[in-house]
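Asker: Each chain, letter by letter, is given below.
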Amino acid sequence: MKDSVSLKVSLPVFVLVFEVIIIALYAVFVTYDDDTNAKLQNNETSPMENSLYRDYPYFADVQVMIFIGFGCLLAFFRFYGFGGMVFNFLTATFAIQWAILMQGFFQFYYDGKIHLGVINLVNAEFACAVVLISFGAVLGKTSPVQLLVMASLEIPIFAVTEWAVLKYIRINDAGGTILIHIFACYFGLGVTFMLYRPSLNDGHAKEITSYHSDILSVMGTLFLWVFWPSFNSALTFKGDDQHRAILHTFIGLSSSTITAFALSALFNKRGKLTMADIQNVTLAGGVTVGASVDMMISPVAAYALGVMGCTACFFGYKYLTPFMAYRMRIQDQCGIHNLHGLTGIISATAGICAILLATEETYGPSMYQIFSHRAPPEGDPQLLELQKVIPGLKPGLGRTAREQALYQVAAVFTTIGASTVGGLLTGLVMKFPSLASPSDKNCFNDELFFELPSDFSSVEAPLTYEGKGQMNPMDTKV
Amino acid sequence: MKDSVSLKVSLPVFVLVFEVIIIALYAVFVTYDDDTNAKLQNNETSPMENSLYRDYPYFADVQVMIFIGFGCLLAFFRFYGFGGMVFNFLTATFAIQWAILMQGFFQFYYDGKIHLGVINLVNAEFACAVVLISFGAVLGKTSPVQLLVMASLEIPIFAVTEWAVLKYIRINDAGGTILIHIFACYFGLGVTFMLYRPSLNDGHAKEITSYHSDILSVMGTLFLWVFWPSFNSALTFKGDDQHRAILHTFIGLSSSTITAFALSALFNKRGKLTMADIQNVTLAGGVTVGASVDMMISPVAAYALGVMGCTACFFGYKYLTPFMAYRMRIQDQCGIHNLHGLTGIISATAGICAILLATEETYGPSMYQIFSHRAPPEGDPQLLELQKVIPGLKPGLGRTAREQALYQVAAVFTTIGASTVGGLLTGLVMKFPSLASPSDKNCFNDELFFELPSDFSSVEAPLTYEGKGQMNPMDTKV
Amino acid sequence: MKDSVSLKVSLPVFVLVFEVIIIALYAVFVTYDDDTNAKLQNNETSPMENSLYRDYPYFADVQVMIFIGFGCLLAFFRFYGFGGMVFNFLTATFAIQWAILMQGFFQFYYDGKIHLGVINLVNAEFACAVVLISFGAVLGKTSPVQLLVMASLEIPIFAVTEWAVLKYIRINDAGGTILIHIFACYFGLGVTFMLYRPSLNDGHAKEITSYHSDILSVMGTLFLWVFWPSFNSALTFKGDDQHRAILHTFIGLSSSTITAFALSALFNKRGKLTMADIQNVTLAGGVTVGASVDMMISPVAAYALGVMGCTACFFGYKYLTPFMAYRMRIQDQCGIHNLHGLTGIISATAGICAILLATEETYGPSMYQIFSHRAPPEGDPQLLELQKVIPGLKPGLGRTAREQALYQVAAVFTTIGASTVGGLLTGLVMKFPSLASPSDKNCFNDELFFELPSDFSSVEAPLTYEGKGQMNPMDTKV
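Protein chains in written order, with the numbering used here: chain A, 2 to 479; chain H, 2 to 479; chain F, 2 to 479.
Derived by calculation from the structure, the hints in this document are not laboratory data. Computed from a prediction, not measured in an experiment: that's the story for all the values here. All residues carry an ideal CB built from backbone N, CA and C; glycine is no exception. Hints are not guaranteed to be accurate.
[Claimed, not checked] Think about it this way: if two alpha-carbon atoms lie no more than 16 Å apart in a straight line, the pair counts; the simulated EDC-like pairs of lysine to aspartate or glutamate are: (1) H:K389 with F:E45; (2) F:K239 with A:E50; (3) F:K239 with A:E361; (4) F:K239 with A:D35; (5) A:K239 with H:D35; (6) A:K40 with F:E45.
[To be verified] Take a look, some chain F residues computed to stay more than 12 Å from chain A by CB distance: (7) L201; (8) L248; (9) A406.
[To be verified] Stretches of chain H that chain A covers, calculated by requiring three or more beta carbons in the stretch to come under 8 Å of a beta carbon on chain A: (10) 43-56; (11) 338-351; (12) 388-401.
So that you can see chain A by itself, here it is in the shape it has in the complex (with noise of 0.2 Å):
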């Protein structure tokens, strides 16, 4: 293979580089928070009180989510098992150190420390998260060296985004619609744009999937879904927020999945089942519902807008993602514009709507914890009163419901742009020279990045065998 690339010294310079900035800045700037410093226990805290056990399950079932969810979930080409679960596991680990870095500085600093518990870890899976959407714009297409370079680019511009729209536009956003699918899928269709691939457009021999990458490839998503849940409801407040939160995804994902169904086998032409649209479609409603999840929404509509969701994504599958490749240069891998964009468009849509229809009719007085900046702002009488009957509230911005839906707006247009800018220029440092970028022919291959078992040759014999013919690249452009 003469076009082989190597990772002997691209991939251990860059990790070395990395783990002695990494040690550096650990050793300087981090610490323990109040939670994880053992000199702050006394008399006064209770053990069973520290925020550990309020953190910790959410952290777990997340890390499930983003190691075995999104790792099988990866893993569906039939010659890139290894590539798609292995990488997902390289860069999922690469970003969470180095979110909890850059997170670090923006959100959990002071006294000249960034302070360290499982909450830093939960927030840095959430920037992990978004690196692992945008990888599937790009994946079979990048060796591992250019997704740490796109891992330690994107988390830093993520955790600028993030504070600016958190500390100046100030939005509701409990299911990271805004700030995780979106941010996440313009990122990433900016890396692939500029990766762009003419040959790829008329199809590669290796893009296809094997029975038992699909089979893998669907318990992925059995795992993505069954802990949706816990991600759309790890950051909300604490009771009656969260367990709606954990409701209304649960409903979303549900009547998410039946539409996929129905919708594969509608738009067959011998009405059968696709598994592309089982391993992907069926969870867009737990990205349709993020944006409300906490809100009284009531539950009909967290079930409507599964419904919607996944229509979306579906169509989006099937007509956008061609078009978008052929006509706009945009190659979207694993079709994170549909699954992402799309229905977090419409999450944040719903969103606004769900933010302009509020009243302390439906929600009583802890509407203003929810809508927190509608609350009334430091000093008002308004807010006392309300305290009396909310103890732990903050004082708000006193926004009306229709400023806040302007805002919302706002950091909507914000994270599209600024994302999407972002991925432009991750995209050309990606395209650097000596960052082992895989040719044209032998992307979506393991071959090229592993050491490989003898029965990788059997894995590839029906290749040889029934030619070209049996594949149609649009069917697996999942």
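For this one, chain A is given, so just place chains H and F on it according to the hints.
Answerer: For chains H and F alone, kept in the frame of chain A given last:
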């Protein structure tokens, strides 16, 4: 393939009709319960005491069992891995959203509304488990539309039975032995009786496993095994009751597992292990401890129950399943009668013994909490006395142990009766044409309902070369 | 196959004998502990404060590691997937029920009874992990009966060692580095030394992986990775101690993972990644942080420990494992000496450093809780002073940091000594005939102990055609 069937019309129509019905009913009847309603939160409610934190961990564990445990376990056929895993996904998702409504009307309906929280989802998952167990009887021989029809009938029949037994007969059944396992088993047998296919008694060329499908199926078993303690304890009283339920389930499963290995080797003519035993018989202990799982039966009794249940289950697979198929027209594809029926009967009997043996000497006053129908009725002065020691104790019916035991017997027979009749009727409906039922020849074959990757033909290869002689349906009829 | 062996007699006899023993001992000695005993519940006990809710989440996570994590990880051989996963299931189940008794006698025995709750199960799972690690040394070369014999001896030897070390030497070892990892490693090496098979040093035709088995094994790694923080923190003090344990484990694993990728590429002659490294070396950080996991070592130290442990582990696989096999007659099949031994020694050393460096300035008064043997002894007036600030503080031994460090050293040597001798003796017993030990030729082959699906021959196919030249035992000897 001339006898091909298509899902192009039937599946979308079914889903669309049901989605319209569900949206209408959700819109009119479904609202939040007290723990998900923002309006009811104030300075007297403590967020961390929300019922979410008591119910969600068990809900999440049961989710893993339903979607991943069952999904992998049912994917054991070599050519029906997509079907096993994916139809499980579809059926489960549908069953849960339907059960939320059906159980809602019977158990959570007041003030003209069904009130929703995670506790409803837990209950709905149990109803869903009922459907999936019944599914095991007809695995590989039904279309997804037939499965949805089955679920749409089984759920209301189950909800009525559950409500009648709990409200009028009033039983102890913490692990759901009677209402879940026995109901599901006889319902499934009723359905498969109606769908009898004489030609399949001679074995089917595709009714075999593969090396990979067997491993996948064991993974399913392991997920069920690991989380079964959560399943058996999700609806017990909190505190020591739930603690015992977890302990007994674990012990029962452990003794059941090593017994299954011993029997598998002992009754194999070459002294080898059979994967079907490991996939199924190991789990028998989880069912067998069910009916007495929260009682003070002592750890050794849980151990012994595991051994007994496992033994009954093993011999059921060996002798009863073939007998039922050949002589009684009951083709029990996954042997649910062994894993859920026989063990269920043993478990119910053990539960009755535990009820008869329960004394205040062993349980202390909390006996009247566990055996709640034995508590003194409203107005009885003894009740007030007991409530001083057990604050939350509810008035009971003042039943004696003997009376309660008789009611348990009545519940078993009622459940068997209702489920058998329900199963037969449902099976009749499932025979309607246009439900895309596969022909005998197309059973156990993903080709009928799925777009398949090109290597599916090579998954088939060994068959072509080695002929039918390799396959012994009795070996594979797990 | 003339050198075939059968489980027909040995396995059932072993299981039957043990079940009789266990039932007898459970009946006489095992009862409920205070949190599972209904009789002790009254108006002064609060159900939600039952120890169940503190222990069960960690128990459930460790269950996933034991049954699914280890199960998948050990299924990495191409022809031994059933064996790896299923013998792990059998051995684990047996080990736990046996450990409940053995640890029970040493740690939970009072009033003439072993008292049982979920906390016993957590401890038993740790004992089980010890057996499964040792199993790694002899994977593929032992019959299930031999494994049960090993477990039946290793569990009591472990229970005695654990009891002696905890009761007489008294150490800090929150993550179980010394008692779990070091014990398991040297016990396993002792066993494999006795079971030395010279012919296997030249490689074995079946000692290879397949594309699917490698993916399955990575899934096992991911499950271990994800839940390792729960493993390392399950037995720490609640509150900030457990919080730190989770944080450090996560950080150590993260740095270990990216280091493993870098080393794998750097030391491969073509700059490719080796799956065995990703399956094993990535996990080294979890062991390395173990001994100091709950101490105030600072996040950067956890990071550095991950890098160090990973590096030692990697070079162990590369140089030490072959050396031990050829020169020392120690065939360490899964390289447990690298993943548990070398990292264990590093971890124990780091723990000693952390003990020596611990000051009240860093820890505050809770230093005497974490380093409980440094607390003033009963009657010391300083103890009363401290108990005012740390209410639950128990009297200690008044050791200095230096003294405690010396006791840690003593514990390491005691553990290595006990485990090595125990392993050698156990290996001797395992050589008894009639334990169905496989011949050299039949190692790493499911055919010996399992009824196999007909496609097992095609799993073998590539071997037949491509000959032995493809296989390099050093590549696959993970």
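Asker: Each hint needs a verdict: does it hold in this structure or not?
Answerer: Each hint, compared with the structure:
1. The straight-line distance between the Cα atoms of H:K389 and F:E45 is roughly 10 Å, inside the 16 Å bound, and the hint therefore holds.
2. Only pairs whose Cα atoms come within 16 Å are accepted, and F:K239 paired with A:E50 is accepted, the gap being roughly 10 Å.
3. Straight-line distance between C-alpha atoms of F:K239 and A:E361 comes to about 40 Å, which puts the hinted pair past the 16 Å bound.
4. For the proposed pair F:K239 and A:D35, the alpha carbon gap of about 15 Å is at most 16 Å, so the pair holds.
5. A distance of roughly 15 Å separates the Cα atoms of A:K239 and H:D35; the hinted pair therefore holds under the 16 Å criterion.
6. Between the alpha carbons of A:K40 and F:E45 the distance comes to roughly 32 Å, so the proposed pair goes past 16 Å and is violated.
7. Annotated as non-interface, F:L201 keeps its C-beta farther than 12 Å from every C-beta of chain A; the closest such distance is 19 Å.
8. Non-interface status of F:L248 relative to chain A is broken: a Cβ of that chain comes within 12 Å, the nearest being about 6 Å off.
9. Every Cβ of chain A is farther than 12 Å from the Cβ of F:A406; the closest lies at roughly 19 Å, confirming the non-interface assignment.
10. Counting residues of the stretch 43-56 of chain H whose beta carbon lies closer than 8 Å to any beta carbon of chain A gives 9, which reaches the threshold of three, so the coverage claim holds.
11. With 0 residues having a beta carbon nearer than 8 Å to a beta carbon of chain A, the stretch 338-351 of chain H misses the requirement of three or more and the stated coverage is violated.
12. Against chain A, the stretch 388-401 of chain H contributes 0 residues with a C-beta closer than 8 Å to a partner C-beta. That does not satisfy the three-residue criterion, and the hint is violated.
Going through the hint list in order, the structure does not satisfy hints 3, 6, 8, 11 and 12.
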